[in-house]
Amino acid sequence: MLSKSLPEPIAQAVRACRWHLLVAAAFSALINILYLAPSIYMMQVYDRVVPTGGVFTLIWITVVVGLAIGTLTALESIRTRVLARVALRLNRFLSGEIIERLMARAKPKAGEPSTRHAMREFDAIRQTVGGPAASAFFDAPWTPLYLLVAFMIHPVLGLLIIGAGVILIVLALIGERQTRSRSGDAHAANTAASAAHQTTIAESETIRALGMRRALAARQVEQRQVGLEASTKLQFLAIRFSSATKFVRMFMQSLALGVGAWLAVEGQISVGAIIAASILLSRALQPIEQLVANWSSISQARNSLATLRRLFAATESINAERTALPDPKGHLELERIMVKASQGAELIVRNVSFQIRPGEILGIIGPSGAGKSTLARIASGALPPDAGEVRIDGANVNDWDPEALAAHIGYLPQTLALLPGTVTENISRFAAARGAEKDETDRLVIAAAKLAGAHEMILRFPNG
Numbered sequence: 011m012l013s014k015s016l017p018e019p020i021a022q023a024v025r026a027c028r029w030h031l032l033v034a035a036a037f038s039a040l041i042n043i044l045y046l047a048p049s050i051y052m053m054q055v056y057d058r059v060v061p062t063g064g065v066f067t068l069i070w071i072t073v074v075v076g077l078a079i080g081t082l083t084a085l086e087s088i089r090t091r092v093l094a095r096v097a098l099r100l101n102r103f104l105s106g107e108i109i110e111r112l113m114a115r116a117k118p119k120a121g122e123p124s125t126r127h128a129m130r131e132f133d134a135i136r137q138t139v140g141g142p143a144a145s146a147f148f149d150a151p152w153t154p155l156y157l158l159v160a161f162m163i164h165p166v167l168g169l170l171i172i173g174a175g176v177i178l179i180v181l182a183l184i185g186e187r188q189t190r191s192r193s194g195d196a197h198a199a200n201t202a203a204s205a206a207h208q209t210t211i212a213e214s215e216t217i218r219a220l221g222m223r224r225a226l227a228a229r230q231v232e233q234r235q236v237g238l239e240a241s242t243k244l245q246f247l248a249i250r251f252s253s254a255t256k257f258v259r260m261f262m263q264s265l266a267l268g269v270g271a272w273l274a275v276e277g278q279i280s281v282g283a284i285i286a287a288s289i290l291l292s293r294a295l296q297p298i299e300q301l302v303a304n305w306s307s308i309s310q311a312r313n314s315l316a317t318l319r320r321l322f323a324a325t326e327s328i329n330a331e332r333t334a335l336p337d338p339k340g341h342l343e344l345e346r347i348m349v350k351a352s353q354g355a356e357l358i359v360r361n362v363s364f365q366i367r368p369g370e371i372l373g374i375i376g377p378s379g380a381g382k383s384t385l386a387r388i389a390s391g392a393l394p395p396d397a398g399e400v401r402i403d404g405a406n407v408n409d410w411d412p413e414a415l416a417a418h419i420g421y422l423p424q425t426l427a428l429l430p431g432t433v434t435e436n437i438s439r440f441a442a443a444r445g446a447e448k449d450e451t452d453r454l455v456i457a458a459a460k461l462a463g464a465h466e467m468i469l470r471f472p473n474g
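Residues in the sequence shown are numbered consecutively from 11, following the numbering used here.
Bear in mind the hints are in silico, worked out from the structure with no lab data behind them. Just so you know, even glycine gets a beta-carbon here, dropped at the ideal spot from N, CA and C. Heads up, a few of these hints could be off.
What the hints assert, rightly or not - Below, a list of computed lysine-lysine pairs in the DSS-like style, where the Cα atoms sit at most 25 Å apart:
id, residue 1, residue 2
1, Lys243, Lys256
2, Lys382, Lys448
3, Lys350, Lys339
As the list claims (entries may be wrong) - Distance ranges between label pairs, derived from CB positions:
id, residue 1, residue 2, range
4, Leu40, Leu429, 45 to 51 Å
5, Ala397, Leu98, 38 to 44 Å
6, Asp337, Ala457, 18 to 24 Å
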């Protein structure tokens, strides 16, 4: 059901993890059954061993409860490893897709939330899936088991657990309601501060040359302070509700002892049931308490999922099926191209149309800011237009496989930068990562470097 409401790539990743999730659910069932062992042990000690002095019985039930607890802890350890594997599997299925879509995304519209930090948001989801919050989600459905056992001991004890559970759920709902908006504000503030920091560092040379270092450092500190204060307020609110939840759980656990003692005095339950009732209540409320304690990470994961939804809705998978078109001959057509400024509705390029046939060269002149570079970026496929069509050999550029088409396009941006990697990798457009043969790639790289007059210069670099 959950996977049906998710973007298809995320749904496919979830389906790929279904066996891991089923194993975690099965282990959770065994874990919660084994958690009954300490309660049963205490009942046997006080009801059978103490009244009869049965030391031999005590030894054997101690061995049995030791095996049960050992199995329980082993299963919990395995479940934690399984959930960690789920996080790793999600990374394997989605990280490449997210990175590709980030590089393929169009510029956001004015006022539209940014998705540039989608990879960081994905990591927040992975950490939640592999963390204690996920274990609490798997344990929560087994709370009725402890409730049933409590009712079997005495209905009053069952009603006590129900009352305590209702109080904790109400606290959780109030906490979720109060933290929802603050969580979104903190998330937005920290994302904006991080984006501004990355942009400022990238432009540090210009900042130093124009004497803006102290001013922008002060601005960065202020933006970080806003984000940190929002996060701290959210954390304080979460601590407040976590403390209230802990108080309720500990008080109700003690109250269970008192109620059990009263029922024992009245002769309605055995002495061993007093301790068992306290243990049952504590275990029944533990998943709810864990969910409240980890609510901030759950809320963060929910906000992060919303970011991924926007990214997947705004971009198309690079692996989308397309009809394989022949190698382009170079007939380029731009029809009624329009491009808006990144902020606002001002048009940078307005209703531009032209075509270039194979072998022709077109020069575009105009004042600074007229849209010359923008038009070149659209023609090369580096930037999608806001309106209009780009056609190559009569086919819409979106009908081509972008990787196959890019192999026939040369593009020199205004701002030059080498991508992380060797000179060979940059010249070959990282062909090795696509599975190209090394010897052939090296031959073509050297030929290209010689053609550009850069081969001798590259040989003088460290390690060539």
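For each hint, the structure was consulted:
1. Lys243 x Lys256: holds, 20 Å
2. Lys382 x Lys448: With a Cα-Cα distance of about 38 Å, the restraint between Lys382 and Lys448 is violated, given a limit of 25 Å.
3. Lys350 x Lys339: Given pair Lys350, Lys339 is violated - Cα atoms ~30 Å apart, limit 25 Å.
4. Leu40 x Leu429: 45 to 51 Å: holds, 50 Å
5. Ala397 x Leu98: 38 to 44 Å: About 43 Å separates the Cβ atoms of Ala397 and Leu98, which means 38 to 44 Å holds.
6. Asp337 x Ala457: 18 to 24 Å: Distance hint for Asp337, Ala457 holds at roughly 19 Å.
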